[in-house]
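K.L.:
Take a look at the letters that make up each chain.
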Amino acid sequence: MKPAPFNLLRPRSVDEALALLQAHGDDAKVLAGGQSLVPLMNFRLAQPGNLIDLNGVRGLDQIQFNDHALSLGAMVRQRDVERSPAIAERLPILREAIEQIAHPAIRNRGTVGGSLVHADPSAELPLLAIALDATFHLRSARASRSVAARDFYQGYLITDIAADELLVEIDFNLPPANSGWCCAEIARRQGDFAIVAVAVLLDRASDRSVSFARVALGGVGPAPLRVAAAEEVLLGQRPGSELFRRAGDAAEQAVEPPADIHASSAYRRHLTAVLVRRALATAEGRIQGQA
Amino acid sequence: MVERISITLKVNGFEETAAVEARRSLVDFLRHDLGLVGTHVGCEHGVCGACTVMLNGRTVRSCLLFAAQADGAEILTVEGLTKGEDLHPLQQAFQRHHALQCGFCTPGMILAALELLRDNPDPTDKEVRVGLSGNLCMCTGYVNIVRAVRAAAAEGQVR
Chain P
1 MKPAPFNLLR PRSVDEALAL LQAHGDDAKV LAGGQSLVPL MNFRLAQPGN
51 LIDLNGVRGL DQIQFNDHAL SLGAMVRQRD VERSPAIAER LPILREAIEQ
101 IAHPAIRNRG TVGGSLVHAD PSAELPLLAI ALDATFHLRS ARASRSVAAR
151 DFYQGYLITD IAADELLVEI DFNLPPANSG WCCAEIARRQ GDFAIVAVAV
201 LLDRASDRSV SFARVALGGV GPAPLRVAAA EEVLLGQRPG SELFRRAGDA
251 AEQAVEPPAD IHASSAYRRH LTAVLVRRAL ATAEGRIQGQ A
Chain S
1 MVERISITLK VNGFEETAAV EARRSLVDFL RHDLGLVGTH VGCEHGVCGA
51 CTVMLNGRTV RSCLLFAAQA DGAEILTVEG LTKGEDLHPL QQAFQRHHAL
101 QCGFCTPGMI LAALELLRDN PDPTDKEVRV GLSGNLCMCT GYVNIVRAVR
151 AAAAEGQVR
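Residue numbers (my numbering), protein chains in the order written: chain P, 1 to 291; chain S, 1 to 159.
FYI, nobody ran anything at the bench for these hints, they're computed from the structure. Bear in mind that the values here come from a model prediction, so they are computed numbers and not experimental data.
To be clear about the criterion: a stretch of chain S counts as covered by chain P if any three or more of its residues have a C-beta under 8 Å from a C-beta of chain P, and this derived list gives those stretches:
(1) 14 to 23
(2) 59 to 68
(3) 129 to 138
Idealized CB from N, CA, C, for every residue including glycine.
Based on the sequences and whatever the hints tell you, model everything.
P.N.:
Below, the structure written as structure tokens:
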């Protein structure tokens, strides 16, 4: 189908975009890569009167590391993350996650910020934001503020962002330098939305016990979440298949996934246990410099 | 009176100027305003890949891009691949390996394959399948498409 008529507004700077958002508020949508919004408009599920196109805005496409975080501008294309040698070296889990987003032509256009704010509960980037304890930097014509990922995601496609606010930058906190990692998902076909997705990070102390553990899940609730119960099973223990099985079981116990056309709740819980177990085993094998 | 936006862009090397409605998709602009009907419209929500074209050297879904957003850009469609009567090496490989039946997906497949081979001149079967995973074909079962892309890669003529 064709979208309903709208005004296309083309700001050249963040300040211009913020002024337009303040002026049009509820009757405006921000257009980033358009890979989620435009399908919704083509189906007429979204009919914004005004579309604020960020593609001509300068200064939202930086990829920068500092000692403790990777900072990405909201308009960084997913494909540019996938192709960044620095990200492949210093935050490889982000690359592994992005390679599972849809297909090359979608990632060429799709942006980091667009996916994060669209907030699909099965999407990879919100999952990574939760797993890496990311910080969202929001701006409006009124003020600037920063929000932790766990507070940003509030429900199904619902975030903490106000109608006049714009996500300008996100900081992904870096895990310990040598930690192992894995982002894995089960989908019906390559590139489809995940039925269940998992992101795990794992590191060991010199006595080989688990010193750092992150277990995050997507597709099992209205928003991605960290599973403290699974992390507690892991911390301080010697890694191994039995421990990973117990962590997977703890994750399965901790979630109450929805049933929908793609999968039953019981199947999603089953996948949760299996994926967490497998991802932890993969992550353990990727810990650097182990004895 | 619907407001129109003036755009100037290059399509297959030719400069085009037009006034388009904001909601005009790039694929409708190519087909209806420029008469370039080689690019096909399938699902209109980014799933099937039939409308794949290149924007500034990268594949995009032209059903998910508004024509106004292509202002100043360079677009390549399947029509831009042929030199006179000579088919592009990928097109020749598709023909030789029976990589199409109805042909609806073929223009998108060719553009996606072109990007794949520019990034990775000698892909494995799996890499071809992943590279073309965003393009659906209802006829061939994909086997001959993968064969054609690998044959084109082996000949080394794809630029």
